[in-house]
Each structure stands twice: as structure tokens, then as C-alpha cells.
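**Q** Please build the complete structure, drawing on both the sequences and the hints.
If you read the sequence shown in the UniProt record's numbering, its first letter stands for residue 1, the second for the next number, and so on.
Keep in mind that the hints were calculated from the coordinates and are not lab data.
Treat the hints with care, since some could be wrong.
[What the hints assert, rightly or not] Calculated pairs, EDC-like style, for lysine to aspartate or glutamate (alpha carbon to alpha carbon, straight line, at most 16 Å):
#1 Lys5 <-> Glu27
#2 Lys46 <-> Glu27
#3 Lys44 <-> Glu27
#4 Lys194 <-> Asp129
#5 Lys46 <-> Asp16
#6 Lys194 <-> Glu164
In this text, all values refer to a predicted model and were calculated from it rather than measured experimentally.
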Amino acid sequence: MQIIKGFLLSYVKYGDSDAILHCFTEEAGFQSFFAKGLYTAKNKKKPYLFPLNYLLFSVPKKTVESRISRVSKLEAGTDSHDFQNVAASSVLFFTADFLHQVLREEGRNEMLFEEMINVRNEFIEQNFDAYLAFIFKFLMISGVAPLKGNDKFLNPESGIFEAEMSHSFFNENVSEIWLKFLTAPEIYAVKLAKKDKTAFLDSLMIYCQFHITNFYIPNSLAVVREIFE
1 MQIIKGFLLS YVKYGDSDAI LHCFTEEAGF QSFFAKGLYT AKNKKKPYLF PLNYLLFSVP
61 KKTVESRISR VSKLEAGTDS HDFQNVAASS VLFFTADFLH QVLREEGRNE MLFEEMINVR
121 NEFIEQNFDA YLAFIFKFLM ISGVAPLKGN DKFLNPESGI FEAEMSHSFF NENVSEIWLK
181 FLTAPEIYAV KLAKKDKTAF LDSLMIYCQF HITNFYIPNS LAVVREIFE
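**A** Following this line, the structure appears as C-alpha cells:
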């Protein structure tokens, strides 16, 4: 047996009592696991099923590289944390929803896995705005973040700052927020006004549509808006 460490992104019930878990793992990137009997009355592991939960999967060694592995044992990770706050639950769900969409073809990525640990720690410390910085950091890790520039307006399609506004949503204020994140020594420490959080989130989604193939805005975005507005 081998133990695989991963973050739960989504799950679906399979049959009466089984489940398919979609995760991002340290060892092999995006992987799916078959968990038998997870929904039986005697199984105490169902509470593990919440977004971005850090889990340990015991699987046969020969199936480690396969796209779906049968789990013989499921345990909570050493940094397991119980998120009861409504705001925390909302941003966890949205972040996991975003990642489930963009990571389906992603292989092993140690830098991204480490960043998922970082943002989860920020949520534990009740920095619920950290999901904004994390999506920005994802763009950086993926190599599609904008280039720093001296001009006022970010062109979301080219990823370059220009002298003239090229997109109606990327005005001077929104462009300044992007530059702030590009130049911040610690992006999780960046603080935004309430109206700027919404504007930055919208601009992140627009930017992703330009730079991530087949990207669509997660339905869970509406929940995040409702909680924070």
C-alpha cells in the first residue's frame, strides 16, 4: 500500500453507499478515488467530505499512476481543521469549485500543491479574502499572470499594461489592484476595500476566460457574492 496526500475538490455518490472523490494530490496531480461504503450508516468518514479537506488515501502501489484508484483506507490529514464559519465554507467551496474545473488535466505540481496548503492555512487563520490572492497566485504558477508595466490600464487579453483602456471592466482602479498584487511581497497580506474585492474578483474571472481554455465562471461564485456583499 501507498499513502497519497491530497485535497478534496469534489465528490459524487456512486450507487447506494459508495463515492467517487476528485482530488488534487501531491504525488500525481489530479486524481479520482473510489471509496466503497462511504455512505453506510456505520461509516464515520462521511464528515471528511468538505471542500479542500486535506486527506490521506491508502491505495495499492500499482494504481498510484492511474486516473482512478480504489481506496482501502481514508484518513484526515495531520492539519485537518473543522470549518464551521459560513464565510469559510463559502470560500472553500468556491476555491475547490474553481480548482476542480482548471486542474482536471493537471499532473504533479509541487508548487501548486504547496500553495493550496498556504491558502488553506490562511482560511484557518480566518483570512477569508485569501481566495482572491490564491487565484492570482494560480495564474502566476500557471505562467499566464500579467507582466508588470508602467502604464495605467491592464489589457486582460494580452496581459500587458497599456496607456489606453482596452476593456471596459479593466479601468484604472481595477488595473491598480492587479499591479498591487503583482508587486506585493506577500500577496495574502494585501487588503482591499469591500467594493474593490468584488471588482477584483470579477476581473479575475474575466482574465481566466481569456487565458484558461474552456474556462467558465463557477456557479458557486453567486454564493460568495451573497455572503460578502
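**Q** Next step is simple, just say for each hint if it's right about the structure.
**A** Hints, verified against the model:
no. : hint              : result
1   : Lys5 <-> Glu27    : 7 Å, holds
2   : Lys46 <-> Glu27   : 24 Å, violated
3   : Lys44 <-> Glu27   : 26 Å, violated
4   : Lys194 <-> Asp129 : 10 Å, holds
5   : Lys46 <-> Asp16   : 14 Å, holds
6   : Lys194 <-> Glu164 : 26 Å, violated
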